[in-house]
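Protein chains: 4
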Amino acid sequence: MQKTFTIKTLGQCGFDNPRKHGAISDEYIPVYVSEEFMKACGNASENDAATLYFQEAGPREKIFFEPEKTKVAIVTCGGLCPGLNDVIRSIVMELWHGYGVRDIIGIPYGLEGFIPKKYGHKLIELTPDVVSTIYMLGGTILGSSRGAQNFDEIADFLNEKGINLLFVLGGDGTMKAAKAISTAVKEHGLTLSVIGIPKTIDNDINFVEQSFGFATAVDEATKAIAAAHTEAVGMNNGIGIVKLMGRESGFIAAHAAVSLSLVNFVLIPEVRFALHGEGGLLPALEERLAKRHHAVIVVAEGAGQYLMQETGQKDSSGNIILQDIGGYLQKEIKAYFREKDFPVVIKYIDPSYMVRAVPANAHDRVYCGFLGRLAVDAGMSGKTEMVVSKLMGRFVHLPFELVTKQRRKLDIASHYWHSVLAATGQGHLKGML
Amino acid sequence: MQKTFTIKTLGQCGFDNPRKHGAISDEYIPVYVSEEFMKACGNASENDAATLYFQEAGPREKIFFEPEKTKVAIVTCGGLCPGLNDVIRSIVMELWHGYGVRDIIGIPYGLEGFIPKKYGHKLIELTPDVVSTIYMLGGTILGSSRGAQNFDEIADFLNEKGINLLFVLGGDGTMKAAKAISTAVKEHGLTLSVIGIPKTIDNDINFVEQSFGFATAVDEATKAIAAAHTEAVGMNNGIGIVKLMGRESGFIAAHAAVSLSLVNFVLIPEVRFALHGEGGLLPALEERLAKRHHAVIVVAEGAGQYLMQETGQKDSSGNIILQDIGGYLQKEIKAYFREKDFPVVIKYIDPSYMVRAVPANAHDRVYCGFLGRLAVDAGMSGKTEMVVSKLMGRFVHLPFELVTKQRRKLDIASHYWHSVLAATGQGHLKGML
Amino acid sequence: MQKTFTIKTLGQCGFDNPRKHGAISDEYIPVYVSEEFMKACGNASENDAATLYFQEAGPREKIFFEPEKTKVAIVTCGGLCPGLNDVIRSIVMELWHGYGVRDIIGIPYGLEGFIPKKYGHKLIELTPDVVSTIYMLGGTILGSSRGAQNFDEIADFLNEKGINLLFVLGGDGTMKAAKAISTAVKEHGLTLSVIGIPKTIDNDINFVEQSFGFATAVDEATKAIAAAHTEAVGMNNGIGIVKLMGRESGFIAAHAAVSLSLVNFVLIPEVRFALHGEGGLLPALEERLAKRHHAVIVVAEGAGQYLMQETGQKDSSGNIILQDIGGYLQKEIKAYFREKDFPVVIKYIDPSYMVRAVPANAHDRVYCGFLGRLAVDAGMSGKTEMVVSKLMGRFVHLPFELVTKQRRKLDIASHYWHSVLAATGQGHLKGML
Amino acid sequence: MQKTFTIKTLGQCGFDNPRKHGAISDEYIPVYVSEEFMKACGNASENDAATLYFQEAGPREKIFFEPEKTKVAIVTCGGLCPGLNDVIRSIVMELWHGYGVRDIIGIPYGLEGFIPKKYGHKLIELTPDVVSTIYMLGGTILGSSRGAQNFDEIADFLNEKGINLLFVLGGDGTMKAAKAISTAVKEHGLTLSVIGIPKTIDNDINFVEQSFGFATAVDEATKAIAAAHTEAVGMNNGIGIVKLMGRESGFIAAHAAVSLSLVNFVLIPEVRFALHGEGGLLPALEERLAKRHHAVIVVAEGAGQYLMQETGQKDSSGNIILQDIGGYLQKEIKAYFREKDFPVVIKYIDPSYMVRAVPANAHDRVYCGFLGRLAVDAGMSGKTEMVVSKLMGRFVHLPFELVTKQRRKLDIASHYWHSVLAATGQGHLKGML
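In order, the protein sequence lines correspond to chains A, B, C and D.
Taken in order, the first sequence gives residues 1 to 433; the numbers are from our numbering.
Taken in order, the second sequence gives residues 1 to 433; the numbers are from our numbering.
Taken in order, the third sequence gives residues 1 to 433; the numbers are from our numbering.
Taken in order, the fourth sequence gives residues 1 to 433; the numbers are from our numbering.
Just so you know, the hints here were simulated from the structure itself, not pulled from any lab data.
Check each hint, because a few of them may be wrong.
Note: identical chains are not told apart, hence a pair may lie in one copy or across any two.
[As the list claims (entries may be wrong)] Here are the simulated DSS-like pairs of lysine-lysine, each with C-alpha atoms no more than 25 Å apart in a straight line:
id, residue 1, residue 2
1, 39, 20
2, 176, 409
3, 405, 186
4, 334, 118
5, 39, 390
6, 8, 186
7, 409, 390
8, 186, 117
Modelling step: build the complete structure from the supplied sequences, incorporating the hints.
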């Protein structure tokens, strides 16, 4: 299969680019995408390996916006993720030092910040001095919020402030909102470039191989696993349970488990598993304890939801509020072994915000630096309704439609997942293969 | 007040000490103990400052046991604590290299390990090779367990194995068990030195100013607080709650709060607080949010138990199973602000085992090294039913009776607690002063 | 350009693979390689973007070696690098648990270990128990050495021990040695698979986009940069100099500089720079100090060698012993400003072994796990004289010839290097563009 | 011996203290000081254990300065040390929130900052907002410098600005300067309280048991030792050498060595050692290598200076510029073994600024918080020419004279040093005992 993903542009680029060195063209370059990746992303009608054509990211010879007249806004939405401040910093530094833009504002507390009349949040002026050391801080200096706002009111605000270029950091819901803002603004007659930087601690954005912050989150997650292992071996028949992020995709759980090879069972949303019966978790756990006297279970928060009674409650972003699978497992394991008169000691760790509220590690700082700089290159050259992504080793432009099409999942037929199963030794569990 | 705390000894020391350099005498040295410390420890009938006389720790000129004939056992009991492996390592290294002892066994899984007939755990031979790199591991390589065992059976085991010197690492309950073992063994006619190394993540052992692992635990606890702060400032009216160890004493909560000055409310078992009404937590929290739009609460697990319905359930060590004050606060705060139509975002972190299952930091490694070496010095010179403690800057011998008399608590009239209140600014809360 | 890189095989695969799930074929898959990458690797006669065909890494349906009769050896050569133990662990675990191989030996101290008659080093038996926790240790549990040994003697040893499968971890010199061993062994009539796992702290192996340990080394290098920055701002006109690894390639220096955006000058071997005159480092440094009163310089160890008198001395691996460019810069900067009566304070940090002797971070642990497992898959299926590499997001087999053809260098015409220059602001330095 | 150390005061305290809770009196309390400590500090004519009387630190009922009229200055001098920013933060927070002082300035770049006419540095206004997150930064936000300035000019500056209360952070040289400033100011008729907070990475301030930043420095130093050990075991007959801080006192070297029990030789300034001959370092090293094939040496920068040719050069603080003992050892070890045709591999690590330029750990943050708060208590109550120190577990006031009397050294007859020797096993080295 072959396909070209074209990127929208606001118009003719008439200004010289001060970032002249290393400028590249708008050419679309081929990217081989494996069957495995295509399945995970599910974009194509067929699931075959494909050659897809994307625009390469980077500075262009000519730019659309005149730097000294350009007004820029940055907003961060949804849950925290390591690297948000690094992206903000990189955008501001590149706009200021690379392009000479001097008018940059931070929108406070996510989409709420676009509606000061309702929420009263104060805009944040962004300069190199303001952002120079924020890489030391977790979270976002702009603040964030969940949930949608009225797009017409947002368009009014952008119009009133004369914003030309908007950077939106957020998940797939936020990318849909960014698209809606772009549409609403066009109806108001404003010329606005909207560039997204996809953010997801779950690493589940479509066509983004590894989202920023993921490497850091895995680093932190392994600390919880190490603690669970220490507790498990510290008691006879000790069982350590660690619940990690992953609403619909088990990437953090799988990656952290394979990083610190101390995990015996990884449970992810992509794989249905049973507790009881042949190939069930509980008999397998019993077998493991009988042989080795300790066990570590890593469970993604979205795994095994069908085992528990659903409440149907949703949070302000419209996401279903998940049942606590970690607590549920703890209870079921306790009951199972009590009935068998098999004494076990269970230690449950939910590191939760400790995984996502830390500053980014060196790898993610480098990555966020590139994402921010390349987003500025794209925006200043008048591209819009797109994000920057690293795909098969190269930075490319992706249209909003592609990244919001669906959430990326771990392909359980992949060599990757087989490696995880090999590392944990849980291949005999029902449904795992 | 003046008082001398005499240490029991098994008899005349007849052998030359190979650790000849720097040997010290059995002399009792004076230690000034402040009113504040006396109150916290509650030993004296009066609570005045006092001059107490203790034996100084260290090697003696002559020793009681002949090294090449000495048989030693080490056991670790109760919950994990950073530094257990460092103490084990230090004891083994000092026995082996310092004194020439060659027969050292590790008792597996706490007191259970003394009763192989019942539990079937295998003894662990301890040599320098076995322990040389265990400082990199959290927990205890010997394993641990909770709860008591039959002391006569333990005495039988010790008799049968011909153990002369027993090192017991554990909390105040374990120190009482160590005393009981010593008593039972005497009735069996065995000459056994029992030396305790008090272990408590809560830092609540009587007459032990700072227990090993405490510095490490505070290090780790501050990471949870930093995450809570990042989450709190990341959302408008964000509230971060961190639950830390501390069943009856709030030392970790207080110390971590004052270390990372990002905490607005510290709630500890020693201080009763109200949720509602004047001086209550909830109105104070509301005031804080109105002014600063974010807040961080640190709560010790044993705080505010009287606010919740008690179940009376106990764990296998006989400790009451505490109600989850963190979850309770989360629920009550949510209800309070929902009623006021004041939107808040609550993030609750329970770092739990991540605080105590880590390897010790440099400070604790040094400290554990001294505790282990000095415990060996004491044991080899025939002292018994005692522990080593650092008191007012000096290592001394304490009789079991002193450390098990009561649990040490944070003195809320102290300058220390006032400093915590000053750092958090919660001095206006009811009952805090 | 199109080209296929075929992989040698020992013969027909006749045994069922116990790692049956997710098996893949020997098919050669296309990999688009950019102009930038081709230039850096310099393989093609033309420097154009190219489509290269490689065999994909992974388990095969059938294997060449019968597991229970297979004898395996692992050797680590050259300087230390984070992740060596993770690769060793992964190879042993996969051989044992994945394939059922039980006869695995570690060759001690690099190539020396193959010649016990001369060096007397003892072979190391490798089992899951031996390797289970070695991920916590930096370095290599096998030990290493520099320099070549007699290949006939090595072949004799392998013959005598009946080794079927040899894993060689080392740099490009070591990969050449591995090829020579393979050749020598064939002359002895032995059927031996030789699989390399390329190791280089400098990240300069041809056709290996990012070598294992690199992410960890960058993590550590940023700590030295942070210290240099703190020292520089701590004094008026403070200058922090950090010397990092990078004999012929400046990857660590560039990456660490762009990660922690506190660096003003990055000096790498790929770029000639002048000290004096227009566009020289010293006047640029003076300008920076006049404006901001502090500066941080990161210099790769191989940079600016032409500025100093060469000695021509070589180490036992045959590498030229580099002159100390860090110390040289310190001296020259001191002299320059003293002459100008411009008081400066210089702080020079050479973190050296602290960058490479640490345990791998989570990212590298995952990566090393895959490299080890996939190397076992390749070896067991009878491939030989090859390495596993991650290229444009996919794991593939590379023949030895490709990886040893030349050392990979940072392409200074690349967007990457331009980004580094943009981040540091040193674009005006002579020769940097 | 008994002695009281009286503290100077500016006069009658006439204002109510807003920090009313927990106020304490000016009473002098007894502190037992051991023979060991007395020898190390060398204050007494006799070296016996002593009872010394000090004023206890803490808030007083009444204060000397009227908060709203009080002008405060803070200055940091000499080399960097972890915790400087924590002390600055604590002083500012306590002045502002505890006492209501609003006029606080930071003196830039040490004593230079008092003479803006000459140096042109700009004063720094200090408020809670400015200092709230500086605990994340190493170094000092005020900047520092070495060397003395004209005390009359400093007094003029303080007079002109109307400063009432001056906090001076620095080493023993700085404490002498603080005393001189106090004297000069009195001659100018100004009422000024001068409070010192002793800072020394070497932990060698007289009568300060453990200076702030020391625990952090030991943490960092152990990382260098771990790297040296990894390198040493990584090669046959590998020798790792680590040079640590310690001009005249070997506290960091000794403490780090005993913390990470991987060190075989610790060389400190307090102990003369020989390279050659019986009991010399080189034969002992040879013996160690013959037995274990690797060795780690930790050397304090001030050790073995008599072995090298002295240059007599001094830095701007008047300290002798030390010869590089680490490089010297490397050279001598190389020569020794080359002559013996005994192949060794030497890895030399000088972590230098990486040890002192890091942010403080949790322990030091707590400690610095107390030092800052108690210094404010002392200053506001009109004490002067004094520092706060923690002595035998209690915070007390020490007069300048006591802390500047001499540098504290490690007592090599102490139990502590014997423990270090026991841990390293170097007791047989000439001069070590």
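Hints numbered earlier in the text: which of these fail when held up against the supplied structure? none
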